[in-house]
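**Student:** Using the sequences and the hints, build the whole thing.
full-length UniProt numbering applies: residue 1 is where the sequence shown begins, and numbers increase by one.
Hint data in this document are derived by calculation from the structure and do not stem from the laboratory.
C-beta atoms are modelled at their ideal positions from N, C-alpha and C, and glycine is treated no differently.
Fair warning: there could be bad hints in the mix.
[What the hints assert, rightly or not] Pairs of lysine-lysine, BS3-like flavour, derived with a Cα cap of 30 Å:
1) 108 <-> 63
2) 127 <-> 100
3) 134 <-> 65
4) 134 <-> 149
5) 154 <-> 108
6) 32 <-> 127
7) 134 <-> 117
8) 115 <-> 100
9) 108 <-> 127
10) 181 <-> 32
11) 117 <-> 149
12) 135 <-> 153
13) 58 <-> 25
14) 156 <-> 168
15) 115 <-> 154
16) 63 <-> 6
17) 63 <-> 135
18) 117 <-> 58
19) 135 <-> 58
20) 181 <-> 194
21) 127 <-> 153
22) 65 <-> 115
23) 117 <-> 65
24) 127 <-> 115
25) 135 <-> 117
26) 108 <-> 58
27) 63 <-> 117
28) 168 <-> 184
[To be verified] Using C-beta positions, here's what the derived DEER-type ranges look like:
29) 48 <-> 4: 52 to 58 Å
30) 151 <-> 188: 36 to 42 Å
31) 211 <-> 188: 33 to 39 Å
32) 93 <-> 121: 54 to 60 Å
33) 5 <-> 149: 49 to 55 Å
34) 115 <-> 4: 41 to 47 Å
35) 115 <-> 178: 55 to 61 Å
36) 114 <-> 153: 21 to 27 Å
37) 124 <-> 163: 50 to 56 Å
38) 15 <-> 121: 39 to 45 Å
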Amino acid sequence: MSLRDKVEGNELDLSLNVLTEIPVKELAAAPKATHLDISCNQIQTVPNDFATLTHLVKIDLSKNKLTELPANFGNLVNLQYLDLYGNQITTLPISFCRLKHLRWLDLKNNPLEPKLKSVAGDCLNEKECQECAKKVVAYMQSIESELEKERQKKLKIAREKEAVERAKIERELEEQRRQKKIEKEKRKAEFRAKREAQALQENVVKSNDKVTAEQQDNETEVQQPQAHTTKATGCSRHRFLRHCGSSFLHSDGSATYIDLFLSGESYTPHQRKHMRHI
Numbered sequence: 001m002s003l004r005d006k007v008e009g010n011e012l013d014l015s016l017n018v019l020t021e022i023p024v025k026e027l028a029a030a031p032k033a034t035h036l037d038i039s040c041n042q043i044q045t046v047p048n049d050f051a052t053l054t055h056l057v058k059i060d061l062s063k064n065k066l067t068e069l070p071a072n073f074g075n076l077v078n079l080q081y082l083d084l085y086g087n088q089i090t091t092l093p094i095s096f097c098r099l100k101h102l103r104w105l106d107l108k109n110n111p112l113e114p115k116l117k118s119v120a121g122d123c124l125n126e127k128e129c130q131e132c133a134k135k136v137v138a139y140m141q142s143i144e145s146e147l148e149k150e151r152q153k154k155l156k157i158a159r160e161k162e163a164v165e166r167a168k169i170e171r172e173l174e175e176q177r178r179q180k181k182i183e184k185e186k187r188k189a190e191f192r193a194k195r196e197a198q199a200l201q202e203n204v205v206k207s208n209d210k211v212t213a214e215q216q217d218n219e220t221e222v223q224q225p226q227a228h229t230t231k232a233t234g235c236s237r238h239r240f241l242r243h244c245g246s247s248f249l250h251s252d253g254s255a256t257y258i259d260l261f262l263s264g265e266s267y268t269p270h271q272r273k274h275m276r277h278i
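**Tutor:** This is the structure we're talking about:
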């Protein structure tokens with residue numbers, strides 16, 4: 001017999017069947033069964049995919065062996081009635097805060113943590129179960145809000161830390177860029193100084209070469225008149241000897257007196273005496 005055959009109207013009763021697991025796939029195939037009674041079984045856990053049965057409006061899980069509900073239990077957004085009486089539940093998932101349509105909740109005979117137990121109340125009658133649903137959802141919403149604030153606080157701290165790290169990295173990069181710029185300018189300055197030194201050295205060499213050339217030119221100019229004078233003197237001496245004969249020749253055939261005469265130098269007394277005898 002399939003689960004569909006057990007559906008009566010909008011109710012499906014699976015209580016007292018010694019079930020250890022919830023047949024989620026079969027329940028998903030019976031979307032008309034919005035009221036599910038699965039109480040008085042041996043179920044220890046509610047699987048995560050149970051929260052996909054969003055068509056459920058009423059669920060009775062009382063008198064099982066549940067210790068917790070799945071974290072995504074709050075996805076059952078259409079749930080209005082929930083009976084968890086007589087299990088081993090201590091806390092509820094944060095997602096429970098999303099059960100905004102929940103109107104009835106029974107949590108008695110569970111080892112609830114003190115704060116949750118205080119909020120849930122005794123659940124001894126219909127009115128107390130209704131109050132329990134309202135208060136527990138509000139309580140879980142407050143916890144979710146506090147957790148969100150804490151999460152935002154941690155996120156803010158993390159972002160500030162990240163911003164500090166980014167600023168530090170940016171400063172380091174800026175310092176590296178500045179150092180590179182300084183090194184670049186230094187290399188440029190060294191290159192310019194080297195080039196200027198080379199240019200200065202070349203100018204000095206050129207200047208020395210120019211001075212040397214000028215000195216050589218001056219020496220050449222000085223030597224040319226001397227050569228001319230010597231040549232002229234030689235010519236005069238030759239003409240003088242040709243016209244005056246050998247009267248001025250020395251006994252050894254030299255022409256010392258002629259040279260002295262032509263050069264304009266002074267004669268010694270002995271030379272003058274000798275000249276008178278010539």
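**Student:** For each hint given before, does the structure comply? Return the numbers of the non-compliant ones in rising order.
**Tutor:** 5, 10, 21, 29, 30, 32 and 38
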